[in-house]
Amino acid sequence: MSLNENVVRSLLIPISSGNFLLPSTLVAEVTPYTNPTPVAETQPDWLLGTVLWREQKVPVLSINTALSLPAIDLSENYRIVVLYGLEAPQMLPFYAFLATDIPQALSIKPENLLNPYEEKRKGLVYGIQLADNERLESAWLPDVAYLEGLIKKSLPLLLAR
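Sequential numbering from 1 applies to the sequence shown in our numbering.
Worth flagging that the hints you see were computed from the coordinates, not collected in a lab.
A hint or two may mislead.
Listed next, the in silico DSBU-like pairs over lysine-lysine satisfying Cα-Cα at most 30 Å (straight line) [to be verified]:
hint: 1; residue 1: LYS109; residue 2: LYS120
hint: 2; residue 1: LYS57; residue 2: LYS152
hint: 3; residue 1: LYS122; residue 2: LYS153
hint: 4; residue 1: LYS153; residue 2: LYS57
hint: 5; residue 1: LYS122; residue 2: LYS57
hint: 6; residue 1: LYS122; residue 2: LYS152
hint: 7; residue 1: LYS122; residue 2: LYS109
hint: 8; residue 1: LYS153; residue 2: LYS120
hint: 9; residue 1: LYS152; residue 2: LYS120
Ranges of calculated distance between the beta carbons of each label pair, as one might list FRET restraints [stated by the list, open to error]:
hint: 10; residue 1: ASP73; residue 2: THR37; range: 16 to 22 Å
hint: 11; residue 1: GLU5; residue 2: ASP73; range: 42 to 48 Å
hint: 12; residue 1: PRO156; residue 2: LEU136; range: 41 to 47 Å
hint: 13; residue 1: PRO93; residue 2: GLY18; range: 25 to 31 Å
hint: 14; residue 1: ILE72; residue 2: LYS152; range: 23 to 29 Å
hint: 15; residue 1: ALA131; residue 2: PRO156; range: 43 to 49 Å
hint: 16; residue 1: PRO156; residue 2: LYS109; range: 40 to 46 Å
hint: 17; residue 1: LEU136; residue 2: THR31; range: 26 to 32 Å
hint: 18; residue 1: THR34; residue 2: LYS109; range: 34 to 40 Å
hint: 19; residue 1: SER107; residue 2: LEU52; range: 28 to 34 Å
Backbone N, C-alpha and C define an ideal beta-carbon position, used for all residues, glycine too.
Using the sequences and the accompanying hints, generate a full structural model.
Structure follows, in structure tokens:
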């Protein structure tokens with residue numbers, strides 16, 4: 001039996017009021033912040049606009065608005081986290097959100113995940129605590145189907161530009 005059999009390579013991604021925990025295979029790239037370009041005069045509050053990434057327009061979510069978390073002021077110190085689209089990759093190959101700092105790479109084992117609880121807010125599946133050495137971090141597991149669903153509803157806006 002391999003020593004790494006039950007290890008999931010993950011990223012702990014800081015957002016305004018906590019952290020997301022995502023498998024690293026879902027993350028295409030973390031890039032420096034650039035101002036998203038609005039897609040319409042009236043666009044959903046949770047849609048910051050699009051950024052050009054690898055010659056593609058990628059929609060950028062305001063995670064705070066989409067998940068009803070406290071509002072944040074945008075900062076050039078932020079990062080853009082580009083994710084692979086899972087639900088309909090032919091229509092939405094990539095989408096992104098803002099991280100408030102550089103994500104931390106982790107190798108997660110089952111014994112690192114403590115106190116899982118079902119999260120009641122839309123867009124979040126579980127909250128957990130991560131035990132890493134002597135440190136304890138809280139994190140959310142986001143509902144990527146919910147986040148991608150928001151963007152899919154706005155595809156006509158995104159495709160019009």
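Each hint, compared with the structure:
1. About 25 Å separates the Cα atoms of LYS109 and LYS120, which keeps this hinted pair within 30 Å; it holds.
2. With a CA separation close to 14 Å, the supplied pair LYS57 and LYS152 stays within the 30 Å bound.
3. For the given pair, LYS122 sits about 16 Å from LYS153 by alpha-carbon distance, which is consistent with the 30 Å threshold.
4. Under the criterion of a C-alpha separation no larger than 30 Å, the hint pairing LYS153 with LYS57 is consistent with the structure, at around 17 Å.
5. A hinted pair counts as satisfied when its Cα atoms are at most 30 Å apart, and LYS122 with LYS57 qualifies at roughly 26 Å.
6. Restraint check for LYS122 and LYS152: satisfied, since their Cα atoms lie roughly 16 Å apart, inside the 30 Å limit.
7. Only pairs whose Cα atoms come within 30 Å are accepted, and LYS122 paired with LYS109 is accepted, the gap being roughly 27 Å.
8. Between LYS153 and LYS120 the alpha-carbon distance is near 22 Å, which keeps this suggested pair within the 30 Å criterion.
9. Distance check on the hinted pair: LYS152 and LYS120 sit about 23 Å apart at the alpha-carbon level, within 30 Å; holds.
10. With their beta carbons about 19 Å apart, ASP73 and THR37 fall inside the hinted range of 16 to 22 Å.
11. For GLU5 paired with ASP73, a C-beta distance near 43 Å keeps the hint of 42 to 48 Å intact.
12. Separation of PRO156 from LEU136 is about 44 Å and conforms to the stated range, judged on CB atoms against 41 to 47 Å.
13. Between PRO93 and GLY18 the CB atoms are about 27 Å apart, so this pair conforms to the stated range of 25 to 31 Å.
14. Checked against the given bound of 23 to 29 Å, the beta carbons of ILE72 and LYS152, roughly 25 Å apart, stay inside it.
15. Judged by the Cβ atoms, the range 43 to 49 Å given for ALA131 and PRO156 holds: they are separated by roughly 45 Å.
16. Between PRO156 and LYS109 the beta carbon distance is about 43 Å. The supplied range of 40 to 46 Å therefore holds.
17. Against the hinted window of 26 to 32 Å, the Cβ-Cβ separation of LEU136 and THR31 comes to about 30 Å, which satisfies the hint.
18. One distance hint, 34 to 40 Å for the beta-carbon pair THR34 and LYS109, holds here, with the actual separation near 36 Å.
19. Against the hinted window of 28 to 34 Å, the Cβ-Cβ separation of SER107 and LEU52 comes to about 33 Å, which satisfies the hint.
In terms of the numbered hints stated before, the structure departs from none.
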